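Student: Note that the numbering used here has the sequence shown beginning at 315, numbered continuously upward.
One or more of the hints may lead you astray.
Unchecked claim - Beta-carbon label-pair distances, calculated as ranges:
| hint | residue 1 | residue 2 | range |
| --- | --- | --- | --- |
| 1 | Lys329 | Gly376 | 25 to 31 Å |
| 2 | Gly435 | Ser571 | 48 to 54 Å |
| 3 | Glu555 | Lys491 | 49 to 55 Å |
| 4 | Gly376 | Asn464 | 15 to 21 Å |
| 5 | Asn378 | Asn568 | 52 to 58 Å |
Claimed, not checked - Listed below are the simulated BS3-like cross-link pairs for lysine-lysine, each with C-alpha atoms no more than 30 Å apart in a straight line:
| hint | residue 1 | residue 2 |
| --- | --- | --- |
| 6 | Lys539 | Lys551 |
| 7 | Lys332 | Lys537 |
| 8 | Lys388 | Lys410 |
| 9 | Lys329 | Lys535 |
| 10 | Lys490 | Lys609 |
| 11 | Lys585 | Lys535 |
| 12 | Lys594 | Lys539 |
| 13 | Lys619 | Lys490 |
| 14 | Lys539 | Lys560 |
| 15 | Lys598 | Lys609 |
| 16 | Lys371 | Lys466 |
| 17 | Lys598 | Lys565 |
| 18 | Lys535 | Lys491 |
| 19 | Lys609 | Lys537 |
| 20 | Lys553 | Lys543 |
| 21 | Lys598 | Lys539 |
| 22 | Lys452 | Lys437 |
| 23 | Lys381 | Lys410 |
| 24 | Lys419 | Lys490 |
| 25 | Lys449 | Lys429 |
| 26 | Lys543 | Lys600 |
| 27 | Lys594 | Lys551 |
| 28 | Lys419 | Lys449 |
| 29 | Lys535 | Lys619 |
| 30 | Lys535 | Lys490 |
| 31 | Lys567 | Lys598 |
| 32 | Lys585 | Lys530 |
| 33 | Lys359 | Lys381 |
| 34 | Lys551 | Lys567 |
| 35 | Lys543 | Lys594 |
| 36 | Lys567 | Lys543 |
| 37 | Lys594 | Lys574 |
| 38 | Lys565 | Lys585 |
| 39 | Lys419 | Lys442 |
| 40 | Lys491 | Lys419 |
Derived by calculation from the structure, the hints in this document are not laboratory data. Here the structure is a predicted model, which is why all the values come from computation and not from measurement. All C-beta atoms, glycine included, are put in the ideal place defined by N, C-alpha and C.
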Amino acid sequence: MIEINGLSKYYGPIKAVKNINFSISDGEIVGFLGANGAGKSTTLKILSGYLAPTNGKVKINGLNIEKDSLAIRKIIGYLPENNPLYFDMNVYELLKFTANIRNIKGDEFNIALDKVIDQCGLKGVLHKQIGECSKGYKQRIGLASAMIHNPKILILDEPVTGLDPNQIIEIRNLIKKLGKEKLVLMSSHILQEIEATVDRIIIIDEGNIVADGLTKNLINKYKGKVQLKLELLESEKEKIELLSEKIDNIKIKNIRSTKKGHTCVVEYDEKNDPREKLFKLIVKSKYQIIEMNPKSDNLEDVFRKLTKSKK
Numbered sequence: 315m316i317e318i319n320g321l322s323k324y325y326g327p328i329k330a331v332k333n334i335n336f337s338i339s340d341g342e343i344v345g346f347l348g349a350n351g352a353g354k355s356t357t358l359k360i361l362s363g364y365l366a367p368t369n370g371k372v373k374i375n376g377l378n379i380e381k382d383s384l385a386i387r388k389i390i391g392y393l394p395e396n397n398p399l400y401f402d403m404n405v406y407e408l409l410k411f412t413a414n415i416r417n418i419k420g421d422e423f424n425i426a427l428d429k430v431i432d433q434c435g436l437k438g439v440l441h442k443q444i445g446e447c448s449k450g451y452k453q454r455i456g457l458a459s460a461m462i463h464n465p466k467i468l469i470l471d472e473p474v475t476g477l478d479p480n481q482i483i484e485i486r487n488l489i490k491k492l493g494k495e496k497l498v499l500m501s502s503h504i505l506q507e508i509e510a511t512v513d514r515i516i517i518i519d520e521g522n523i524v525a526d527g528l529t530k531n532l533i534n535k536y537k538g539k540v541q542l543k544l545e546l547l548e549s550e551k552e553k554i555e556l557l558s559e560k561i562d563n564i565k566i567k568n569i570r571s572t573k574k575g576h577t578c579v580v581e582y583d584e585k586n587d588p589r590e591k592l593f594k595l596i597v598k599s600k601y602q603i604i605e606m607n608p609k610s611d612n613l614e615d616v617f618r619k620l621t622k623s624k625k
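Generate coordinates for the entire structure from the input sequences, incorporating the hints supplied.
Tutor: In structure tokens:
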């Protein structure tokens, strides 16, 4: 379990993290989101014991991050954003080196090695030099190195950066599997990936926590109006504009001409779905409907609403 109370971190006059609070229970997969400079990586570095907090308390499995830093590092696996690997080593050498640092040797190392090789899909590159491995394999190697000691908690900073779609899906499935037995806290700029991987999301902006909750709940809480994309053949702009006068609680936006008609966006509240009335009115006007496609807010929309990146 991770418990954060009143955590702050200052770099001279710069307040990177400002009095934040949250807790994460065992077995949770949590996405930690924030724009560049929001305080995300700073918080993860404090949790991993890499940085000391300026103020506040951080407890991991009941241990204090400042007083019990070494004990905490034994139960944490940390993959930083800039994956630190020794390119002149081969994969086996690196994993053995990492295990030796953690005093994992002999039969214990062989068991641990077999497990991470299987989990991270590294069997085919075990004796390959790391510098010659692809970006995807390098990420897997970094993850295996963070997991070699079978930590209770995994902290992953941008674990899918630079991976192709197939590699992203593989890492996503691995993280989901690990989340059944470990606490996983991960950050990513790929919001679709976060949405597909985690159950709960914490958003930090300018050092403050601005949202914390289940993914679906956050989307429902902060979503705006539904936008319905319409494409109509043999239509007239002036008549399309009049649709908003004939149906309550809709707004017609972004009317654009096409070779054979027009496209537009119809905006409305989800609880007042006008599609049936709109369809009948369009048919009565003798227009042909090519597209009627609603778009509700997703995690990216919520993120932009809650962070300064929308400016």
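Student: Next, verify each hint and record whether it holds.
Tutor: Okay, the hints, checked on the actual structure:
1. Lys329 to Gly376: 25 to 31 Å: Since the Cβ atoms of Lys329 and Gly376 sit about 28 Å apart, the hinted range of 25 to 31 Å holds.
2. Gly435 to Ser571: 48 to 54 Å: Hint holds: Cβ distance 51 Å, inside 48 to 54 Å.
3. Glu555 to Lys491: 49 to 55 Å: The hint (49 to 55 Å, Cβ to Cβ) holds, given that Glu555 and Lys491 are roughly 53 Å apart.
4. Gly376 to Asn464: 15 to 21 Å: 19 Å, holds
5. Asn378 to Asn568: 52 to 58 Å: 55 Å, holds
6. Lys539 to Lys551: 23 Å, holds
7. Lys332 to Lys537: 26 Å, holds
8. Lys388 to Lys410: Holds. Lys388 to Lys410 sits at ~16 Å (cutoff 30 Å).
9. Lys329 to Lys535: Roughly 29 Å separates the two Cα atoms, so the pair holds.
10. Lys490 to Lys609: 27 Å, holds
11. Lys585 to Lys535: Given that 30 Å is the threshold and the Cα spacing comes to 14 Å, the pair holds.
12. Lys594 to Lys539: Given that 30 Å is the threshold and the Cα spacing comes to 22 Å, the pair holds.
13. Lys619 to Lys490: The hint holds at about 27 Å.
14. Lys539 to Lys560: 19 Å, holds
15. Lys598 to Lys609: Holds - the C-alpha atoms of Lys609 and Lys598 are around 25 Å apart, at most 30 Å.
16. Lys371 to Lys466: 20 Å, holds
17. Lys598 to Lys565: The hint holds at about 20 Å.
18. Lys535 to Lys491: 28 Å, holds
19. Lys609 to Lys537: 11 Å, holds
20. Lys553 to Lys543: 17 Å, holds
21. Lys598 to Lys539: 26 Å, holds
22. Lys452 to Lys437: Given pair Lys452, Lys437 holds - Cα atoms ~13 Å apart, limit 30 Å.
23. Lys381 to Lys410: 29 Å, holds
24. Lys419 to Lys490: 28 Å, holds
25. Lys449 to Lys429: Judged against 30 Å, a Cα distance of about 22 Å means the pair holds.
26. Lys543 to Lys600: 18 Å, holds
27. Lys594 to Lys551: 18 Å, holds
28. Lys419 to Lys449: 28 Å, holds
29. Lys535 to Lys619: 12 Å, holds
30. Lys535 to Lys490: Roughly 25 Å separates the two Cα atoms, so the pair holds.
31. Lys567 to Lys598: 21 Å, holds
32. Lys585 to Lys530: Judged against 30 Å, a Cα distance of about 17 Å means the pair holds.
33. Lys359 to Lys381: 16 Å, holds
34. Lys551 to Lys567: 11 Å, holds
35. Lys543 to Lys594: 16 Å, holds
36. Lys567 to Lys543: 10 Å, holds
37. Lys594 to Lys574: Status holds; Cα separation ~21 Å.
38. Lys565 to Lys585: Holds, at roughly 15 Å.
39. Lys419 to Lys442: This hinted pair holds, its Cα atoms lying about 22 Å apart.
40. Lys491 to Lys419: Judged against 30 Å, a Cα distance of about 26 Å means the pair holds.
Violated hints: none; the structure is consistent with every hint.
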